[in-house]
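Chains as they are written, first to last, in this note's numbering: chain A, 1 to 518; chain B, 1 to 360.
Hints were generated in silico from the structure; no laboratory data involved. Everything numeric in this text was worked out from a predicted model, so none of it was measured. We put the CB at the ideal spot given by N, CA and C, even for glycine. Misleading hints may appear alongside valid ones.
Partial pick of chain A residues on the chain B-facing surface, computed with a CB cut under 7 Å [claimed, not checked]:
#1 Gly191
#2 Thr461
#3 Ala465
Now the in silico label distances, taken between C-beta atoms and shown as ranges [said to hold, decoys possible]:
#4 A:Asp105 with B:Glu223: 51 to 59 Å
#5 B:Glu223 with A:Asn51: 28 to 36 Å
#6 A:Asp271 with B:Leu309: 53 to 61 Å
#7 A:Asp105 with B:Asp55: 46 to 54 Å
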Amino acid sequence: MKLRLGIDVGGTNTDAVILDEKATLIARFKSPTTSDVSSGIRNALNGLVQNNPDLDLSAIKFAMLGTTHCTNAVLERRNLNKVGLVRVGAPSTLAIKPFVEWPDDLREAIDGRYVIVEGGFEYDGQETRPLDEAAVRAAAESFRGKVESVAVSGAFSPVDPSHEQRAGAILREVLGDEIPITYSYEIGSVGLIERENAAILNAALVNAAKVAAGGFQEALAAHGIDARLFFSQNDGTLMALEYAIRYPILTVASGPTNSIRGAAFLSGLQDAIVVDVGGTSTDVGILVKGFPRESSIAVDVAGVRTNFRTPDLLSIAVGGGTRVTNDNGLQIGPASVGYRLLTEGLIFGGNTLTLSDIAVADKRASFGDPSKVAHLDADFVKQVTEEVRRMCEDAVDRVKTSAAPMPIILVGGGSVVIPQDLAGASQVIRPENYDVANAIGAAIAQCSGEIERVFSLQEMTRDQAIELAKKLAIQEAVQAGADESTVQIIDIQEVPLAYLPTNSATRIRVRAAGDLAI
Amino acid sequence: MSWKLTRDDIERISIGAGILGTGGGGNPYRGKVKAALELAAGRTIEIVSLDELPDDALVMPIGGMGAPTVGLEKLQRGDEGSRLVQMMEELLGVKIAATIPIEVGGGNSFAPMIAAAQLGLPTVDADGMGRAFPEWSMISFYFDGVAPSPIIMTDPLDRKIVLENAGHPRQLERIARAMCVQMGGSAHIGDRPIPVKRLREVAIPNTLTLAYKIGDAVMGAHEKGSSPIEAICGVSGGTVLFSGKITDIDRRFERGYNFGCVRMLGSDAYQGQEASIDLQNEFLIFRIGDKVKAIVPDLITMVDSERGLPITTEVVRYGLRVTLIGIPAPKQLTTPQALEAVGPAAFGYDLPYMPLETLL
Chain A
1 MKLRLGIDVG GTNTDAVILD EKATLIARFK SPTTSDVSSG IRNALNGLVQ NNPDLDLSAI
61 KFAMLGTTHC TNAVLERRNL NKVGLVRVGA PSTLAIKPFV EWPDDLREAI DGRYVIVEGG
121 FEYDGQETRP LDEAAVRAAA ESFRGKVESV AVSGAFSPVD PSHEQRAGAI LREVLGDEIP
181 ITYSYEIGSV GLIERENAAI LNAALVNAAK VAAGGFQEAL AAHGIDARLF FSQNDGTLMA
241 LEYAIRYPIL TVASGPTNSI RGAAFLSGLQ DAIVVDVGGT STDVGILVKG FPRESSIAVD
301 VAGVRTNFRT PDLLSIAVGG GTRVTNDNGL QIGPASVGYR LLTEGLIFGG NTLTLSDIAV
361 ADKRASFGDP SKVAHLDADF VKQVTEEVRR MCEDAVDRVK TSAAPMPIIL VGGGSVVIPQ
421 DLAGASQVIR PENYDVANAI GAAIAQCSGE IERVFSLQEM TRDQAIELAK KLAIQEAVQA
481 GADESTVQII DIQEVPLAYL PTNSATRIRV RAAGDLAI
Chain B
1 MSWKLTRDDI ERISIGAGIL GTGGGGNPYR GKVKAALELA AGRTIEIVSL DELPDDALVM
61 PIGGMGAPTV GLEKLQRGDE GSRLVQMMEE LLGVKIAATI PIEVGGGNSF APMIAAAQLG
121 LPTVDADGMG RAFPEWSMIS FYFDGVAPSP IIMTDPLDRK IVLENAGHPR QLERIARAMC
181 VQMGGSAHIG DRPIPVKRLR EVAIPNTLTL AYKIGDAVMG AHEKGSSPIE AICGVSGGTV
241 LFSGKITDID RRFERGYNFG CVRMLGSDAY QGQEASIDLQ NEFLIFRIGD KVKAIVPDLI
301 TMVDSERGLP ITTEVVRYGL RVTLIGIPAP KQLTTPQALE AVGPAAFGYD LPYMPLETLL
């Protein structure tokens, strides 16, 4: 029997679950999230082990972590590496220099420096200028002793990465084997500024990712667990630990994704709306063929414009700890007592009226002490419930792609505050273990690969380009840990380049995913 | 009275130009950033009205040609526009007094401002479309059927192509497009400078001010918490055509353009109604059911229903909640001569132009 451990760090709780080979839940534990994150992960694991003395820890062969280490590092500007960037793109990209419109404090936190050297490509793969190797070498020398991590970007590197690769090899030669190098073509898609920003952030996060990985390894080692380690990433799939240390930026939005994937698994549905209710807010996302729909617009990470994929979510200020006041008319949120619900909520003997109190008063939930809310006016309780219903129905309607009713899956510890009968829903499901859907999502995640490139159609047909893109995406998935026999293409998107003659070039994006190779 | 742009003005013009861009003109982010960088470098972006310049002052149209996706990678060297002005002055032995946008929309609103700022020149508050169109032959300056001669094309590698006697503007478009592709899919173009007296007859005036006012209305509505849609209509003379959700988008690629059809399902006052828009880089025809409700060259602009921010054709996707606003085309675009260049027939439709107000 091989077991899987899934741990997910949320804003309020850190959840740990154990699944068996058939993905049946056999143990679970919730523990408060801590400010350093790692101790919360340790506590969750300790609690899981102590509460399940019969658990065979040696059977745990895979351990998956969805964590906020990297997100917090960027948001709080803490534990970031000093970064040097080499952009290969003079003269055709000089108009907008690196770090444009970055928040000053973030650039200072990474001591961001850059050099732009000659080189780069055209959309069709022609070399704009040869790479100026001497300039790369000089840049590397200037970085020596001043940077802890380097990033390389280049014009049209998604079409031809060879200049980025060669520049990286020179940096490696000068700066030694220890320095981490991030290549923009491995991180982001077409859009130099956004891809370069993502690469810089990635380079800055290498230490934070190592700390997260080290903490996770230690927590497991303390219990003698010898498992293959994975991090969950933004698109709901896994990265092997070695991969996560190289691409930490891909973990910054993994939390909501894990909830959506967990909801899919628990409900058995592939297409549905997922409403994930926490202590402070609710994320509403949409599940398409078992994966979260991704945002198609530029994604802002801590004030920096990037273009990597994150789930398309709508957040509303409704959670288990959301405060309800009626001083100047009914006011629901956005203030919340968060994890202090257990001391401040009326049903727990506190003095603050929250949506959890309303749910208990409305007899939709039974926890805490119902007698503490018995005094609430029934009409008022109904009024609040109707308002919460309206907020949820509106959010659901916004994320839907058609007017046809869709199933709604309610997950998250706070989901008891949401009324079960929602308009626009063909059915509303709150599956068993809804409150640890996120950790389950981490535990059952697949391994994926993605490729997005501009393909020149001078030497190949469009069909050949798509076939090549598929092959590359499958290779990426297998490299990320997928069992090749289970890998499937899950998405193909093609955006032709406007204003260019038919069939000269096309942008193709393919994603593949498969089950973890067990 | 000249107007010196602030960073906030640039933000507002960018939003307004996006709305007037009717889905085209590409993503305005890069143009906006480049303009802001000029200010950061201590230079001045000065906007003047055509009335403030002498009759014989020469104004040079400047804009970028190319695929928006290419512009996402090739950020340019930064001095393409100002080099064009200098090359043109040298070539013709004249002094250029100001620059003018060929279109208001996306990066092309800012390209002439950046060129002028680098040379200490002003940019004229007018353009050649009052919106965005896909082709060089759709610039109002050339509705008489005569292509500008010469035009100069350049790129970040400082290559320079001078094209003279192209003949009809549509032939100019074809030749320049072919060269643009060979220059890596994007190029800066400067046209023969036009005397102010002539521009007063053929340019669409005050369009940068209009873009600013629209952007200001949207941002003002955000601050006040009022409806940005009403604010847009208020300053642009526009009318809400529809609001609803995008249910389908079908994209095709033909003859070097993005073609497509966007389908929508109505909400609020349009509950239950089905609507569609034909697009060719820009939004061209809007229909409710099969009835045409707005047609090019009238402006059909798409904004997100909540924030009133423009949605370009490249980012249109399933599920977006959008409001469509129809804005009557500037009168310069609806003369019989203009309609030959920018009317439905110029886009291959066998439909007459019908003014917005007759279709409501």
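Going through the numbered hints above, which ones does this structure break? Give me the numbers in ascending order.
The structure breaks hints 2, 3, 4, 5, 6; every other hint is satisfied.
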